[in-house]
Amino acid sequence: MARIVVITSGKGGVGKTTTSAAIATGLAMQGRKTAVVDFDVGLRNLDLIMGCERRVVYDFVNVINGDANLRQALIKDKRTDNLFILPASQTRDKEALTTEGVERVLGELAKEFEFVICDSPAGIERGALMASYFADEAIVVTNPEVSSVRDSDRMLGILASKTKKAEQGGGAIPATLLLTRYSPARVDKGEMLSIEDVQDILSIDLLGVIPESQAVLNASNSGIPVVLDEDSDAGQAYLDAVARFLGEERPYRFTTLEKKGFFGRLFGG
Amino acid sequence: MSPDAVNARREALRAIEFKGRMMLVSILRLHTAEAAELDVALGARMAEAPELMRDMPVVVDLEALGPVAFPDLLVAIEHVRRHGFKLIGIHQGEVASDPLAEASGLPLLVLSGKAAAEAPPPRAKPAEAAPPEPPQAAVSVPAVHTPTRVVTQPVRSGQQIYARGGDLIVTGAVSAGAEVLADGHIHVYGTLRGRALAGVRGLVSAHIYCRRLDAELVSIGGHYRIAEDILDRERGENRLVTLSGETIDITEI
Chain A
1 MARIVVITSG
11 KGGVGKTTTS
21 AAIATGLAMQ
31 GRKTAVVDFD
41 VGLRNLDLIM
51 GCERRVVYDF
61 VNVINGDANL
71 RQALIKDKRT
81 DNLFILPASQ
91 TRDKEALTTE
101 GVERVLGELA
111 KEFEFVICDS
121 PAGIERGALM
131 ASYFADEAIV
141 VTNPEVSSVR
151 DSDRMLGILA
161 SKTKKAEQGG
171 GAIPATLLLT
181 RYSPARVDKG
191 EMLSIEDVQD
201 ILSIDLLGVI
211 PESQAVLNAS
221 NSGIPVVLDE
231 DSDAGQAYLD
241 AVARFLGEER
251 PYRFTTLEKK
261 GFFGRLFGG
Chain B
1 MSPDAVNARR
11 EALRAIEFKG
21 RMMLVSILRL
31 HTAEAAELDV
41 ALGARMAEAP
51 ELMRDMPVVV
61 DLEALGPVAF
71 PDLLVAIEHV
81 RRHGFKLIGI
91 HQGEVASDPL
101 AEASGLPLLV
111 LSGKAAAEAP
121 PPRAKPAEAA
131 PPEPPQAAVS
141 VPAVHTPTRV
151 VTQPVRSGQQ
161 IYARGGDLIV
171 TGAVSAGAEV
181 LADGHIHVYG
191 TLRGRALAGV
201 RGLVSAHIYC
211 RRLDAELVSI
221 GGHYRIAEDI
231 LDRERGENRL
241 VTLSGETIDI
251 TEI
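Protein chains in written order, with our numbering: chain A, 1 to 269; chain B, 1 to 253.
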């Protein structure tokens, strides 16, 4: 049975779509058959990050409405085997995501794939609720700043009560924390919350820490998931997170300030 | 009457006792008797804080309604009841209507003092209860012992937890943007960053204990202090919040 994983945050712009693309690609690179689904109906972005925007014919809402079947709508990734993308509809709104429709589509995906990654839209409205409703587990993406942490906290509360599992009395779905845009230098200067600060507030397990990195921006702009840039710090950090997600133990990297050598200090790095 | 007879009578009356006590009662003032409008407003209020509002004893204040036909008043009262409030009386101002009291089965209360125009619970303003003449058995008398409510999950931003009729223990943290309420004491064994309201139905001797206080608001028996009024030195580890007179005190345990 597939694991349905929602990538969520509450707040916008913290890196949900980047993370969805990176985790899905990372899992596929490990040979796990993975589908990544864009729930951001009306503000479609995942296709851009995955670099498949020119191959979209049918979308999630078409499948829900029965205008197309799943096989027609799924886009096979060109770079990574075992990876498929189900794009969102750009011309509709979130109301098109009916509970029955989403359940049916996720059910079909679960039969074929090992992992179904649901890229949640921001907010706590219908789109976000539908993305998490049928999930088995959640990855909460958070930036190390107070508004993002508070929104993640709110989202964790929602995950504890507004999923199918919770409504059936099964309690909260497991959730892990992915801290993105982390800058040890700014933490050092007191401009950013530290990993400990964030964990103290959210009190959930840490899945990974992704450093603030130019590589993420480059990846987004070129439509290549950042994990494929294996030399980059962010790419490696995402691969670590994927490994932990699959049960491996990995030390945390890029979380402390690297001491500058003599020349570094001399020339200001 | 012979002294014996007086004694015998005193003995017989010992089974009951009348007491005059001040009590905190929420006044629900109706601005319309239109059933549909009432339903929307009552439903919305109830949805805001269902745990707090359900079974909340209220006096329905009909004074602001103006002239409304008798049957319509009855319908309006029924709608309030249907939304889950426990009615303990009607207030109608000067034009007291005995038939309404009889038909609704609720005592007519005379309110002295001014009820605030907008006093949404949980921070309802106290209104003086009527003299203890009419039988008011329905008024919430604290139960002998209500089990303490224990919450072992962190209370997240946007969540509200209310321990009705008793104490509340939260073993984790209460996040900023979360709200915990209790009729009795509140204990938080994590950091209290959100709002904590103890003694929400008027228990001024209620306390708030927390392992670390960094709250947005603390309140006891309807008196409160917001974050801005909580000094830096009052924030910190192992804090106790109490009410003395009308002042909220925060001390280290």
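Hints listed in this document are in silico derivations from the structure and should not be mistaken for laboratory results. These figures come from a predicted structure and were not determined experimentally. The reader is advised that the hints may include incorrect statements.
What the hints assert, rightly or not - Derived DEER-like restraints, expressed as beta-carbon distance ranges:
no. : chain 1 : residue 1 : chain 2 : residue 2 : range
1   : A       : Leu43     : B       : Glu51     : 34 to 40 Å
2   : A       : Gln168    : B       : Thr152    : 34 to 40 Å
3   : B       : Thr152    : A       : Asp188    : 34 to 40 Å
4   : A       : Lys76     : B       : Tyr189    : 37 to 43 Å
5   : B       : Asp39     : A       : Asn69     : 42 to 48 Å
6   : B       : Ala35     : A       : Asn65     : 49 to 55 Å
7   : A       : Leu43     : B       : Ser205    : 49 to 55 Å
8   : A       : Asp200    : B       : Gly43     : 34 to 40 Å
9   : B       : Gly43     : A       : Ser222    : 48 to 54 Å
To be verified - Derived list of chain B stretches under chain A, where covered just means 3 residues or more per stretch with a C-beta under 8 Å from a C-beta of chain A:
no. : region
10  : 157 to 167
11  : 175 to 181
By construction, the Cβ of each residue, glycine as well, lies at the ideal position given by its N, Cα and C atoms.
(request) Quick one: which hint numbers does this structure break? Sort them smallest to largest. (result) 2, 4 and 6
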